[in-house]
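Chains as they are written, first to last, in my numbering: chain A, 1 to 143; chain B, 1 to 328.
Incorrect hints may have been included.
[Claimed, not checked] Among the chain B residues that face chain A by a calculated CB cut under 10 Å, a handful are:
#, residue
1, V65
2, G81
3, I84
4, T88
5, L90
6, L91
7, G92
8, L95
9, S100
10, R106
[Unchecked claim] Pairs of lysine to aspartate or glutamate residues, derived as DMTMM-like cross-links and limited to a Cα-Cα distance of at most 25 Å, are as follows:
#, chain 1, residue 1, chain 2, residue 2
11, A, K58, B, D109
12, B, K171, B, E198
13, B, K171, B, D155
14, A, K58, B, E202
15, A, K58, B, E179
16, B, K171, A, E140
17, B, K171, B, E202
18, A, K58, B, D157
19, A, K58, B, D310
20, A, K58, B, D155
Everything labelled a hint here was simulated from the structure, so no lab data went into it. All figures in this text were calculated on a predicted structure; none of them were measured in a lab. Glycine included, each C-beta is placed from N, C-alpha and C at the ideal position.
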Amino acid sequence: MSARHDPQRRRDRPAERDEERRAFREEAESLVRITAAPTIWSGHFLLCYCAVAIACAKAGAVPGWLTGGLLAASVAALAAIGWVGWRAFRQWNVTDTGDFSNPEGEAEDRHEFLGHAAFLLAIISFIGVVYVTMPLLLVEGCR
Amino acid sequence: MRLTGAATAAAAAALSLAGCAGRQSALSPGGADAAALGTLFWVMLGGAVLLWLAMNGMFFYVTRVNASAMPRRLANGMVIGGGIVLPTILLGALLGWGLSILPDQRQPDDGLTIRVHGEQWWWRVEYWPEGAAAPVVSANEIRLPVGERVGFRLDSDQVIHSFWIPSLGGKMDMFPGRETYVSLEAEAPGVYRGQCAEFCGESHAWMAFEAVAMPPDAFDAWLDAEAGAAAAPEGGAAERGAALFAREGCGACHAIRGTGHVGQVGPDLTHVGGRRSIGAGRLAATPEAFAAWITHTDSLKPGVRMPSYDHLSDADAAALAAYLAGLT
Numbered sequence: 001m002s003a004r005h006d007p008q009r010r011r012d013r014p015a016e017r018d019e020e021r022r023a024f025r026e027e028a029e030s031l032v033r034i035t036a037a038p039t040i041w042s043g044h045f046l047l048c049y050c051a052v053a054i055a056c057a058k059a060g061a062v063p064g065w066l067t068g069g070l071l072a073a074s075v076a077a078l079a080a081i082g083w084v085g086w087r088a089f090r091q092w093n094v095t096d097t098g099d100f101s102n103p104e105g106e107a108e109d110r111h112e113f114l115g116h117a118a119f120l121l122a123i124i125s126f127i128g129v130v131y132v133t134m135p136l137l138l139v140e141g142c143r
Numbered sequence: 001m002r003l004t005g006a007a008t009a010a011a012a013a014a015l016s017l018a019g020c021a022g023r024q025s026a027l028s029p030g031g032a033d034a035a036a037l038g039t040l041f042w043v044m045l046g047g048a049v050l051l052w053l054a055m056n057g058m059f060f061y062v063t064r065v066n067a068s069a070m071p072r073r074l075a076n077g078m079v080i081g082g083g084i085v086l087p088t089i090l091l092g093a094l095l096g097w098g099l100s101i102l103p104d105q106r107q108p109d110d111g112l113t114i115r116v117h118g119e120q121w122w123w124r125v126e127y128w129p130e131g132a133a134a135p136v137v138s139a140n141e142i143r144l145p146v147g148e149r150v151g152f153r154l155d156s157d158q159v160i161h162s163f164w165i166p167s168l169g170g171k172m173d174m175f176p177g178r179e180t181y182v183s184l185e186a187e188a189p190g191v192y193r194g195q196c197a198e199f200c201g202e203s204h205a206w207m208a209f210e211a212v213a214m215p216p217d218a219f220d221a222w223l224d225a226e227a228g229a230a231a232a233p234e235g236g237a238a239e240r241g242a243a244l245f246a247r248e249g250c251g252a253c254h255a256i257r258g259t260g261h262v263g264q265v266g267p268d269l270t271h272v273g274g275r276r277s278i279g280a281g282r283l284a285a286t287p288e289a290f291a292a293w294i295t296h297t298d299s300l301k302p303g304v305r306m307p308s309y310d311h312l313s314d315a316d317a318a319a320l321a322a323y324l325a326g327l328t
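Could you put together the complete structure from these sequences and hints?
Here it is in structure tokens:
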């Protein structure tokens with residue numbers, strides 16, 4: 001990782017750039033990774049709202065086991081987003097490089113930038129899941 | 001110039017604050033539910049102002065007061081603390097509090113239920129006292145006893161409407177084929193104004209009603225009277241009006257209990273003269289307004305199903321108006 005802090009050397013040595021490209025080649029596929037946390041959030045949102053809507057329409061009330069199941073799903077979603085966020089934080093690698101914005105456009109920069117973006121998306125997804133869960137705890141019944 | 005600007009701003013502020021008072025304002029509550037919503041509004045506004053001041057205060061600080069480079073740790077603290085932690089906690093607390101008082105607006109009623117059916121653009125109203133086998137049918141006006149929680153069972157004819165008496169509580173949508181429920185408890189006797197709060201067609205803005213909160217004894221007496229048949233008004237003009245009502249075929253659409261008129265297309269007119277408004281909040285219930293309504297429905301309420309009876313002579317319209325205004 002220290003090579004990136006000496007851009008002069010990196011530009012002068014095309015062989016090293018090729019090596020970097022190979023090292024971060026998986027980036028082409030890993031764009032998907034930054035959508036993981038928002039996908040979990042939206043899945044959780046749909047699960048909660050659809051399940052409660054169906055229960056209210058068919059039974060007129062939300063059974064306790066459904067509330068419990070959705071709360072368990074919330075915990076699972078938060079854990080999954082937490083894991084995605086932690087992975088993304090490691091990928092951003094800000095504690096090692098001290099580089100917040102990764103402006104250089106090299107493969108490693110792109111790699112770390114995607115980690116940064118995924119990390120921020122994980123934070124907002126985490127908050128989103130918490131806010132979606134709150135009505136489960138605070139609003140009883142279907143009215 | 002500056003002084004003039006300040007004076008204009010002050011006048012504008014005073015005017016807009018004056019708009020917060022009145023009988024159709026969520027900010028001048030006449031009941032427990034509206035009071036809760038009013039408090040909710042002010043606390044939400046306080047939270048928003050706090051957040052705005054904190055965020056913009058920080059922007060101001062870093063761009064104007066201390067624009068030099070600052071330690072990374074402090075900068076991170078401001079971005080993470082002010083941008084993520086503070087809003088999340090503040091919004092979470094406001095959301096939690098808002099959700100916790102939401103069920104209060106759906107509490108069961110104390111016995112009286114009022115069924116309101118939204119039409120384009122008026123309100124079919126049925127009073128169902130506790131244990132009643134048949135409702136007391138009325139229209140375009142809601143009366144309710146003070147100090148009792150009254151349940152409203154709401155639905156609609158063709159399009160979505162929304163039932164809202166801002167001074168008494170929150171709004172609730174009315175759907176065709178699906179019943180919704182809201183309960184209201186008036187605390188101060190008074191006349192409030194309700195308004196359809198969901199766009200429902202060209203005369204949506206004219207779809208309103210008067211909501212009268214009465215002392216319980218007065219309400220019971222009123223409901224007894226409302227349940228009865230119409231007393232035929234006396235007097236030459238009113239009696240001629242009754243004959244005109246039959247001749248013009250008004251009873252094909254309007255019911256007047258105690259007569260042969262049983263139409264169900266338009267509002268029940270059994271005690272229409274005792275209401276505070278006609279045309280669903282459109283005009284005050286005076287004889288002149290009845291005459292104007294009968295002869296100019298389409299200009300007073302564009303799109304309304306009732307045709308204008310503009311072929312009536314002034315004398316006939318006045319006679320019909322005298323009859324209707326006498327149906328108290």
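Hint-by-hint comparison with the structure:
no.	hint	result
1	V65	violated, 23 Å
2	G81	violated, 13 Å
3	I84	holds, 7 Å
4	T88	holds, 5 Å
5	L90	violated, 12 Å
6	L91	holds, 8 Å
7	G92	holds, 7 Å
8	L95	holds, 6 Å
9	S100	holds, 5 Å
10	R106	holds, 4 Å
11	A:K58 x B:D109	holds, 24 Å
12	B:K171 x B:E198	holds, 10 Å
13	B:K171 x B:D155	holds, 13 Å
14	A:K58 x B:E202	violated, 35 Å
15	A:K58 x B:E179	holds, 14 Å
16	B:K171 x A:E140	holds, 19 Å
17	B:K171 x B:E202	holds, 21 Å
18	A:K58 x B:D157	holds, 23 Å
19	A:K58 x B:D310	violated, 51 Å
20	A:K58 x B:D155	holds, 19 Å
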